[in-house]
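Go ahead and model the full structure; you've got the sequences and the hints to work with.
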Amino acid sequence: MFLSKWTPWNFFSKNEKPAIMDMPYLVMTQILDNVGFLAIQNLRKTCKSFRNFIDDVKPNNELKKIDIFLEHHRLTVKITFDNDNNLENGGEVTVMYKEGKEQNCCLISKTYKSSVVEFNKTDGHFVDVFFHDFEPILMNQRSKLTDMGIKIASFSYQDIYSLSPQSKFQSIFSRCLCSRFQKFESVLTIPAEKRNSQHRKVANDMMNRFGQILGSRTVPFETKNLDLKVFKQSQIFGILRSIKTNSLVGNQAFQFFEEEDTQTLDAIPKCETLKNMEYLRIGGFGMTNSITDFMDIPELCIKRENISRNDITIVKQSRFVIITKKTNYPTI
Amino acid sequence: MSSTEQGTSSAAPAEPTTAPESAAAPEVPESFYYVHGKDKVVHKVSAGALQHSALIHGMISNLGYTEEQAKANPFPFENIDGDILQMVVDWCNQHKGKPTPPEDTNLPKQKEKLFDLVLAVNYLEIKELLTYCCKQVAMMVKGKSPEEIREIWMIPTDAEDEAAEKEAKKRAGKEAAGETAAAAGDAK
Numbered sequence: 001m002f003l004s005k006w007t008p009w010n011f012f013s014k015n016e017k018p019a020i021m022d023m024p025y026l027v028m029t030q031i032l033d034n035v036g037f038l039a040i041q042n043l044r045k046t047c048k049s050f051r052n053f054i055d056d057v058k059p060n061n062e063l064k065k066i067d068i069f070l071e072h073h074r075l076t077v078k079i080t081f082d083n084d085n086n087l088e089n090g091g092e093v094t095v096m097y098k099e100g101k102e103q104n105c106c107l108i109s110k111t112y113k114s115s116v117v118e119f120n121k122t123d124g125h126f127v128d129v130f131f132h133d134f135e136p137i138l139m140n141q142r143s144k145l146t147d148m149g150i151k152i153a154s155f156s157y158q159d160i161y162s163l164s165p166q167s168k169f170q171s172i173f174s175r176c177l178c179s180r181f182q183k184f185e186s187v188l189t190i191p192a193e194k195r196n197s198q199h200r201k202v203a204n205d206m207m208n209r210f211g212q213i214l215g216s217r218t219v220p221f222e223t224k225n226l227d228l229k230v231f232k233q234s235q236i237f238g239i240l241r242s243i244k245t246n247s248l249v250g251n252q253a254f255q256f257f258e259e260e261d262t263q264t265l266d267a268i269p270k271c272e273t274l275k276n277m278e279y280l281r282i283g284g285f286g287m288t289n290s291i292t293d294f295m296d297i298p299e300l301c302i303k304r305e306n307i308s309r310n311d312i313t314i315v316k317q318s319r320f321v322i323i324t325k326k327t328n329y330p331t332i
Numbered sequence: 001m002s003s004t005e006q007g008t009s010s011a012a013p014a015e016p017t018t019a020p021e022s023a024a025a026p027e028v029p030e031s032f033y034y035v036h037g038k039d040k041v042v043h044k045v046s047a048g049a050l051q052h053s054a055l056i057h058g059m060i061s062n063l064g065y066t067e068e069q070a071k072a073n074p075f076p077f078e079n080i081d082g083d084i085l086q087m088v089v090d091w092c093n094q095h096k097g098k099p100t101p102p103e104d105t106n107l108p109k110q111k112e113k114l115f116d117l118v119l120a121v122n123y124l125e126i127k128e129l130l131t132y133c134c135k136q137v138a139m140m141v142k143g144k145s146p147e148e149i150r151e152i153w154m155i156p157t158d159a160e161d162e163a164a165e166k167e168a169k170k171r172a173g174k175e176a177a178g179e180t181a182a183a184a185g186d187a188k
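One line per chain: the protein sequences are A and B, in this order. First residue of the first sequence: 1, per UniProt numbering; consecutive thereafter. First residue of the second sequence: 1, per UniProt numbering; consecutive thereafter.
If you are wondering where the hints come from, they were derived from the structure by calculation, not from laboratory data. One should not assume that every hint holds.
Here are the simulated lysine to aspartate or glutamate pairs, DMTMM-like style, with alpha carbons at most 25 Å apart [as the list claims (entries may be wrong)]: (1) LYS48(A) / GLU147(B); (2) LYS45(A) / GLU148(B); (3) LYS17(A) / ASP81(B); (4) LYS121(A) / ASP158(B); (5) LYS121(A) / GLU148(B); (6) LYS244(A) / ASP293(A); (7) LYS135(B) / GLU148(B); (8) LYS17(A) / GLU167(B).
What follows is the structure in structure tokens.
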């Protein structure tokens with residue numbers, strides 16, 4: 001029987017009417033497969049036994065896309081469901097985690113079916129709060145996604161940013177009517193350099209956490225398309241180590257004013273997860289290895305700063321298209 | 001559950017030695033079998049309808065009952081309420097030899113009845129009906145908050161769960177102590 005193996009409270013309800021906890025294991029898994037993504041998240045909050053059971057069973061869900069975008073002082077996650085199979089849950093949910101005015105304070109806003117819900121959380125950095133919510137989702141996702149995006153915003157030139165209101169949430173309608181916008185949004189001035197260094201630290205921590213979470217899965221996370229925009233090449237490899245994907249877009253988030261060595265992604269074709277790659281597009285990162293390493297990939301878009309004579313012959317023989325830009329940086 | 005298992009197991013091994021395997025099936029166009037639940041009300045069901053249940057189908061294909069034998073030995077399902085068994089029988093008759101539709105809207109709306117039906121259908125191994133029932137149970141909590149889900153599915157809170165667990169442990173401890181005392185008494 002379902003939880004009765006682990007929780008002996010079931011002894012008391014032997015002569016009572018059947019409850020959900022009396023369901024056999026296989027029936028319970030079948031029920032959870034039909035519950036849907038959002039209801040599963042709510043079910044995890046009901047009790048410890050259910051939470052453990054869901055984390056153990058990892059029910060199927062209709063989740064198709066996850067898009068994570070880290071900007072300066074805020075993180076936006078957009079999750080998209082399969083519309084065809086489940087009209088009730090169809091559509092998108094957007095969750096935004098914003099840095100609060102005080103330390104370790106976070107403002108969360110959720111948009112679902114064009115309704116917005118906002119609330120404050122006073123016990124955690126916004127990235128920690130995000131992982132608290134999304135770690136189980138990343139750990140429990142069993143079915144293959146169509147798209148997964150983890151993107152980090154480039155450095156900013158601006159010295160100011162607007163902070164979220166800490167007071168009671170004002171409706172969007174009331175904001176539209178009010179001409180004095182600053183009443184609700186306070187603006188802080190922090191030197192761009194400081195903002196950027198904070199952003200880089202948060203981004204590096206976030207990518208490390210992603211690597212740890214995805215790496216601790218027993219089965220690799222699967223997605224058809226993977227879109228990464230990160231600062232370091234090691235962050236790309238950290239994610240690729242534990243994700244299976246058919247297509248990769250890898251971009252570098254720009255770090256202005258920073259004198260760093262040119263980062264290359266030469267080891268990309270050797271990645272185990274990219275053995276059956278159908279599409280590869282690399283932007284920002286350099287590539288120095290031979291073009292023969294990429295011959296198995298049907299669609300390829302990489303940037304080369306220089307190209308050897310051998311590679312040109314191979315490319316011509318293989319009927320690749322070479323686009324040469326005026327900057328004398330050939331793009332293949 | 002144990003009484004049903006005993007009932008079915010006592011009926012099952014008695015017949016195969018006397019009757020050859022599914023001898024009556026090709027001669028008689030439609031054979032009937034009899035089942036009864038906790039309320040002892042006997043339901044007459046055709047072999048075609050019973051094919052939905054893997055459990056009963058497995059039993060009757062090995063038994064090879066004649067009409068009289070089937071009438072004299074109804075299958076007892078003591079762990080299934082009479083009204084629930086009636087529901088299952090009606091569903092099997094309704095979908096006899098027909099392709100099952102993608103959705104079934106005639107399932108009970110009350111959760112107690114639905115949970116009873118799920119347990120009965122799972123026991124009788126009626127795959128299609130179990131799929132509908134599971135979907136129906138899942139639909140109950142769609143779009144609901146954790147508190148509402150807890151109420152609808154009668155899920156105990158962590159505190160209630162822990163209290164019950166402690167009480168069960170205490171009870172188990174007492175029982176174990178009683179058993180050891182009894183064993184010591186026997187040894188003396």
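**Request:** Hint by hint, work out which the structure violates, then give me just those numbers in ascending order.
**Result:** When the structure is compared with the hints, none of them turns out to be violated.
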